[in-house]
Amino acid sequence: MTFSLFNKMEFVEQIHSNISLQRYNEIPMIVIEHEIGRAIISLQGAQLLSWQPKSALQDLLWLSEAEPFKTGTAIRGGIPICYPWFGTAKQPAHGFARTSQWVLSDWQVSEHEVKLIFGLYSENNIAIARVRMIFAEDCRVKFTQLENSEAQAALHTYFNVGDIAQTTIFGLPKQCIDKVANQVIEVSSPLTINKQTDYVYSGENRINHIEDRVNKRFIEVEHNNASNVVVWNPWTATTSAMTTEGHKTMLCVETARVDETLKQGESLEVRIIQQ
80 MTFSLFNKME FVEQIHSNIS LQRYNEIPMI VIEHEIGRAI ISLQGAQLLS WQPKSALQDL
140 LWLSEAEPFK TGTAIRGGIP ICYPWFGTAK QPAHGFARTS QWVLSDWQVS EHEVKLIFGL
200 YSENNIAIAR VRMIFAEDCR VKFTQLENSE AQAALHTYFN VGDIAQTTIF GLPKQCIDKV
260 ANQVIEVSSP LTINKQTDYV YSGENRINHI EDRVNKRFIE VEHNNASNVV VWNPWTATTS
320 AMTTEGHKTM LCVETARVDE TLKQGESLEV RIIQQ
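Counting from 80, one number per residue, gives the positions in the sequence shown under the numbering used here.
Hints listed in this document are in silico derivations from the structure and should not be mistaken for laboratory results. One should not assume that every hint holds.
Pairwise CB distance ranges, derived in the manner of DEER restraints [what the hints assert, rightly or not]:
hint: 1; residue 1: VAL266; residue 2: SER184; range: 37 to 45 Å
hint: 2; residue 1: ASN227; residue 2: ALA260; range: 32 to 40 Å
hint: 3; residue 1: GLN180; residue 2: PRO269; range: 38 to 46 Å
hint: 4; residue 1: HIS191; residue 2: ASN261; range: 44 to 52 Å
hint: 5; residue 1: ILE286; residue 2: ASP338; range: 18 to 26 Å
In this text, a Cβ means the ideal position worked out from N, Cα and C, and glycines have one as well.
Make the full structure from the sequences, and use the hints.
This is the structure in structure tokens:
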């Protein structure tokens with residue numbers, strides 16, 4: 080079961096009738112409460128932590144109940160933005176964007192939609208990256224690389240599922256790189272997770288479906304401009320800011336540019352909808 084921040088935060092400021100600034104421990108949060116649903120975004124990392132559309136009985140995103148929510152510590156759950164690198168070849172792991180402070184630079188609210196835009200800036204106040212989030216019947220998170228360089232990026236989405244053993248992912252290729260074994264392997268598709276899994280697939284299939292049988296729902300995941308899809312679950316391997324039982328209710332299906340870097344002006348987007 081995912082950890083819920085709602086009703087646990089300290090109110091700071093009302094930005095709009097449907098948008099407020101709140102705080103949990105050391106982390107400032109943007110909170111959306113609207114007819115379409117509700118969402119929480121951490122200003123550290125411009126990280127969507129919670130999205131529950133009005134049609135959903137449970138949050139679509141998983142958030143660790145062991146997360147300390149401390150400044151400068153990456154948050155385990157939601158949709159972390161991995162940038163400008165993916166993995167642990169450099170430090171901090173998965174880049175500095177997810178532990179940096181972002182700015183809410185624009186917002187638009189209508190009867191059927193909420194749009195937020197976040198910016199990441201250099202020490203010289205030059206824009207490095209932008210994230211646009213749109214909440215309606217679906218949820219869209221779009222990352223745009225603005226710096227004059229090439230970089231890896233990933234939208235590292237943690238999905239909230241009732242039981243990983245009763246969850247199936249459809250639409251994956253039948254070959255991937257197994258990062259645990261460090262080799263190319265043949266895998267079943269559809270895929271059910273029953274061990275430590277860190278699979279890097281090609282991005283040839285734009286759409287995956289997650290069947291969450293316990294919560295009786297399908298979640299459609301659309302990857303736009305991705306070169307890779309990464310499927311991850313640590314199983315019982317020791318992982319920071321996660322309880323020993325945490326892996327049982329989470330599944331990462333990530334929208335990534337690992338093999339092909341993003342150039343200046345290029346974007347990477349994930350679209351999520353409960354069916």
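The hints, checked one at a time:
no., hint, result
1, VAL266 with SER184: 37 to 45 Å, "holds, 41 Å"
2, ASN227 with ALA260: 32 to 40 Å, "holds, 38 Å"
3, GLN180 with PRO269: 38 to 46 Å, "holds, 40 Å"
4, HIS191 with ASN261: 44 to 52 Å, "holds, 47 Å"
5, ILE286 with ASP338: 18 to 26 Å, "holds, 19 Å"
Of the numbered hints stated above, none is contradicted by the structure.
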